[in-house]
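Line order of the protein sequences matches chains A and B.
Oh and the first sequence: position 421 is 421 in my numbering, straight run, nothing missing.
Oh and the second sequence: position 86 is 86 in my numbering, straight run, nothing missing.
Source of the hints: derived by calculation from the structure; they are not laboratory data.
Quick reminder that beta carbons are idealized off the backbone N, C-alpha and C, glycines included.
Any given hint could turn out to be false.
Result set (BS3-like, lysine-lysine): computed pairs, CA atoms no more than 30 Å apart in a straight line [stated by the list, open to error]:
1) A:K181 - B:K422
2) A:K430 - B:K361
3) A:K361 - B:K14
4) B:K94 - B:K150
5) B:K400 - B:K422
6) A:K430 - B:K198
Partial pick of chain B residues on the chain A-facing surface, computed with a CB cut under 7 Å [unchecked claim]:
7) L78
8) C233
9) G305
10) T310
11) A316
12) D370
Number of protein chains: 2
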Amino acid sequence: MSNSASQNQLALAKAGVVSEAMQAVAKAESRPAEYIREELAAGRIVIPCNIRHSSLEPIGIGRRLKTKINANIGTSSLSSCIEQELHKLAYAVKFGADTVMDLSTGGNLTATRLEIIRHSSVPIGTVPVYELACRNDETEIDFSKESILKLIQAQAEQGVDYMTIHAGIRPEQIPLAAKRKLRIVSRGGALIARHMSKNNCDNPFYDCFDEILEICAKYDVTLSLGDGMRPGCLADASDEAQFAELAELGRLGRRCREANVQVMIEGPGHIPMHEIEMNMRRQQELCDDAPFYILGPVVIDCAPGYDHITSAIGAAMGAWHGAAMLCYVTPMEHIGLPEAEDVRDGVIAYKIAAHAADIAKNIPGAQSRDDRISEARADFDWEQQFDLALDPEKAREMRKRALRHQENPAPQAQFCTMCGPKLCSMRVSKEL
Amino acid sequence: MSNSASQNQLALAKAGVVSEAMQAVAKAESRPAEYIREELAAGRIVIPCNIRHSSLEPIGIGRRLKTKINANIGTSSLSSCIEQELHKLAYAVKFGADTVMDLSTGGNLTATRLEIIRHSSVPIGTVPVYELACRNDETEIDFSKESILKLIQAQAEQGVDYMTIHAGIRPEQIPLAAKRKLRIVSRGGALIARHMSKNNCDNPFYDCFDEILEICAKYDVTLSLGDGMRPGCLADASDEAQFAELAELGRLGRRCREANVQVMIEGPGHIPMHEIEMNMRRQQELCDDAPFYILGPVVIDCAPGYDHITSAIGAAMGAWHGAAMLCYVTPMEHIGLPEAEDVRDGVIAYKIAAHAADIAKNIPGAQSRDDRISEARADFDWEQQFDLALDPEKAREMRKRALRHQENPAPQAQFCTMCGPKLCSMRVSKEL
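Just chain A, with the same shape it has in the complex (with noise of 0.2 Å):
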C-alpha cells in the first residue's frame, strides 16, 4: 500500500477516519477498525509506516494486539556486507520477526539502509545516533542540531518507519548511573552522556526534539523512545537511574502525541523475574500505556552463548504483563555480532515468548495453533505437526536424525523413537 503526505495516521485517527492501515490492521488481528482507530488516537497502538515506504504490510503495536517482535540486524566496521544483510533480513522476516531494526555501524550506511527498506515488507527501525558516531572519528561526534535534523530528514525521506532516540536521557541522571556496577550499557545512551558531560550540556536530541516530531509527523515516522538507562545487570536493574529517565519517557511521550508523533516506549534490559511485573506496571503508569518495546530481559548474567533462552524467559513474562513488542536477543549476546544462524534462534525464541504471552494475556484465537498442532500429536500426523511447528525445517531435520538408526525408518510410524511403539503412551491410551 501507499501513503500520502496527508495519511499521518494518528493525525486521521483523531480525526475519526479509519485509514487503509488501520483496516489491515484490524483484518491482521480480527478486531474492529474503529477499534484499532481508537486504540490508536488514544495513544496505545502504533501503526509505524513512513509514507515513503511503499512496500510495507503495515502492523499494529499495543499490548492488547498479538505480541511482536523485533530482530535486530546491521553491519558493523568489523563485518559489512549489504548481501548478508538481505539475507539476514530474509531471514528474520521467514522465521517470522514483525519488524526488523538496522543497526548497522559499518561500511555505506546510506546504501545498506535503503536496500534493507526496498527488499521488506515489514517496518524498519533505525537508531540514528550510531550514523551520527560513525560518521566522525571516535572522540568527535558532530551533536549540533543541524547535524541531528539533517540526519534525521536524510532516514525519514528513505523511509525508516521508526527510529530510536534516546531523548531522555538528561544530565542529572548521569550521577545516578555512575553508582551501577555496569554504568550505561546502551550504546547511543554512553555516547550521548559523555558528550552531556564533557561538555556540560544537555542531551541534544532533547534540546532540538521539537524539530525532530516535525520530521516525524510529516513523515508519519514513530519514535521509539530510547532508554539509554537500561540495566545492563542484575545487580542495576529497577534503579533511580532507570526509572529517572523512565518518567521523562513519559512526559517526552505526551508530547509526541500532541505533534501527530506515534510513540513506543524502550525498555530494559537486565531484570529479575520478580521485578518484571512491577516494571511493565511502572511503565504503564508513567507513560500512559504508550506501547512498551522490550530489549529481553535477560533473568541472570551468567549464561552468555545463551541469552536467547535468558531473555525468552524475561520476554515471555514482560509481554504477558504489558509489554507490546520484544526486541529479540540472540545467542550472540555479549560475545559479537551475530550471524544467519544465530538470527534465527534469536527469532524463535522469541516466537515462543510472544506467542506463550499471548495464551496467558488471552488474546482472541492464540490457542488454536496449539489445539492442532495436538489433535494432529494423537493422530500421529507427523506432517501437519511440522506444518503447524514454529520451525516446520529444524522439526523435520530433527526427526530424520532420530529416525536415522532406525533399519527400515517410517516417517509417518504411529510413535516416536522416544519411547518406540511398546511403550508409546498416545498409542496405549488410545485404547481406552
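Given chain A's structure and the hints, the job is docking chain B onto it.
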C-alpha cells in the same frame, strides 16, 4: 559416604538426629544443619540416598533450598548401548544435572542401571513400571503384586535413590481423561490405566502401596509419586483428571511420611503461563508442601525442536512459585530420544531456569555469580567471564567464531564484535 540400614533419613530426622547426609546438605546450602533436619522431618525436604548407593554425594530437594534439576537418560528399544548412556550421564553431570533418571527401556536393563548407579555421584531415579512393561510382551504386562514387589526390591537393592511410582491414578479418573484431547501422555499412567480398564480393577501399585513403603523404608528409597494424569497439551491443562490425581497423591504422601519414606510429588506437563502459579499453590495445599518435582511445564505446544526453551520458561516460573526440582526437557521432546548434545542443551536450559528462580526467590548468595560475571564484563576480562559462564566451552567457541573474520584477533580485546571498539558502550561509559 556410606549408610547402614539404620540410617533412614526421615526416621533419624524425626528422632532429632542430624545425619552425615543432612550435614552435607546443610553445608552445600549454607543453612544450619538443624534447619535441614527440621524440614526433612516435616516432609518439606528430601535427601534421596539409597543406603546401597556408595558413590553418592547427597543433595537436598525442597522449595526453600536451591532449585535442583534432573536429566533423563536411558536406552530405548530402538537404541541401546551402555557406553552411550554412561557418556550421557557424564555429560549431564558435567553440565550441572543434580539428579539423573535412568528411563531405559531397551537392552539389558539391570546391567545398564547397575553401571549408571556405580558411575554416579548424583542420586539416580527410575520408573519401575517401565521395566515391568519391557519384561513382557505388549498386551500382557504382569501387574501381579509379587511381580511388582520383586522388581522394586531388586531395584532398591541395586541402589536406586528414588523411584517414580504412579500409585495415584485410580479407576474413577479414567472417564475424566477420556474427555481430553490427548487423554494420558504419561507412559506409566497410560499402561496402568489400560490395565485397570481391561481388568476392571484398581491400580496395582495402589493396592500394594504398604508393601512398597516397607521396601523403600528399608533401603531409604525416596518415592516420587508419578503424575499419570499430567496434561499433554494446553487444552488439557489444569483439568479435573489432573487435580483428582493430585489430591490422591497428597493422601499417598501422608502415608509415605508415616512409614518413614521420603516423598516428592510429580507435576505437569503442559501448562500456560497464567496457570503456573495456581498449579504450584494447589500442590502445596493438597500435598502438605512436599517437594514438587515438575516436568517443564512447556507453555506452548507448537514449537517441536525447541521444547527446551518452551519448557524453560515454564520451569523458571514454576520454581519461582514453589517447585523444588525441575525435570529437564530436551530439544528432542515430542520428536525422539535425546542424544548427548540434546542432553547438554536441555541441562543448560534448566540450569538457566533454576538459577533465574533462585534469584527471584532470593535464595541466599544466588546472585553472586551474576554479580561477578558483570564485574568481569566491566573489566573486559573475557577469561573470567567464560569461567563464570554456565557453559564455558560454548561461550569460548562462540567468541572464537565472532573473532574469526578479524585480521588480528585479540581474544582479550577491550570490546566485542557486536559493537566494535568505537561504539562500545562499556568503553565509552568508563570515560564518564
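Interface hint status, B:G305 versus chain A (Cβ within 7 Å): Holds, because the Cβ-Cβ distance from B:G305 to chain A comes to roughly 4 Å (cut-off 7 Å).
A:K430 paired with B:K361 [C-alpha distance capped at 30 Å]: 41 Å, violated
Satisfaction of hint between B:K198 and A:K430, Cα-Cα up to 30 Å: Since the Cα atoms of A:K430 and B:K198 sit roughly 13 Å apart, the hinted pair holds (cutoff 30 Å).
Hint consistency between B:K94 and B:K150 [alpha-carbon to alpha-carbon, up to 30 Å]: It is violated: about 34 Å lies between the C-alpha atoms, which goes past 30 Å.
Restraint outcome when B:D370 is required to lie within 7 Å of chain A by C-beta distance: 4 Å, holds
Proposed proximity, B:K422 with B:K400 (alpha carbon, max 30 Å): Distance of about 20 Å is within 30 Å: holds.
B:C233 as an interface hint toward chain A, with CB separation required under 7 Å: Since chain A brings a Cβ to about 4 Å from B:C233, closer than 7 Å, the hint holds.
Restraint check for A:K361 with B:K14, where alpha carbons must lie at most 30 Å apart: Violated. A:K361 to B:K14 sits at ~46 Å, over the 30 Å cutoff.
Per-residue hint verdict: B:T310, partner chain A, C-beta under 7 Å: At 5 Å from the nearest chain A Cβ, B:T310 passes the 7 Å test, so the hint holds.
B:L78 as chain A interface residue, shortest Cβ-Cβ below 7 Å: 5 Å, holds
Hinted pair A:K181 and B:K422, Cα distance within 30 Å: OK: A:K181 and B:K422 at ~21 Å, within 30 Å.
B:A316 as an interface hint toward chain A, with CB separation required under 7 Å: 5 Å, holds
The earlier numbered hints that this structure contradicts are 2, 3 and 4.
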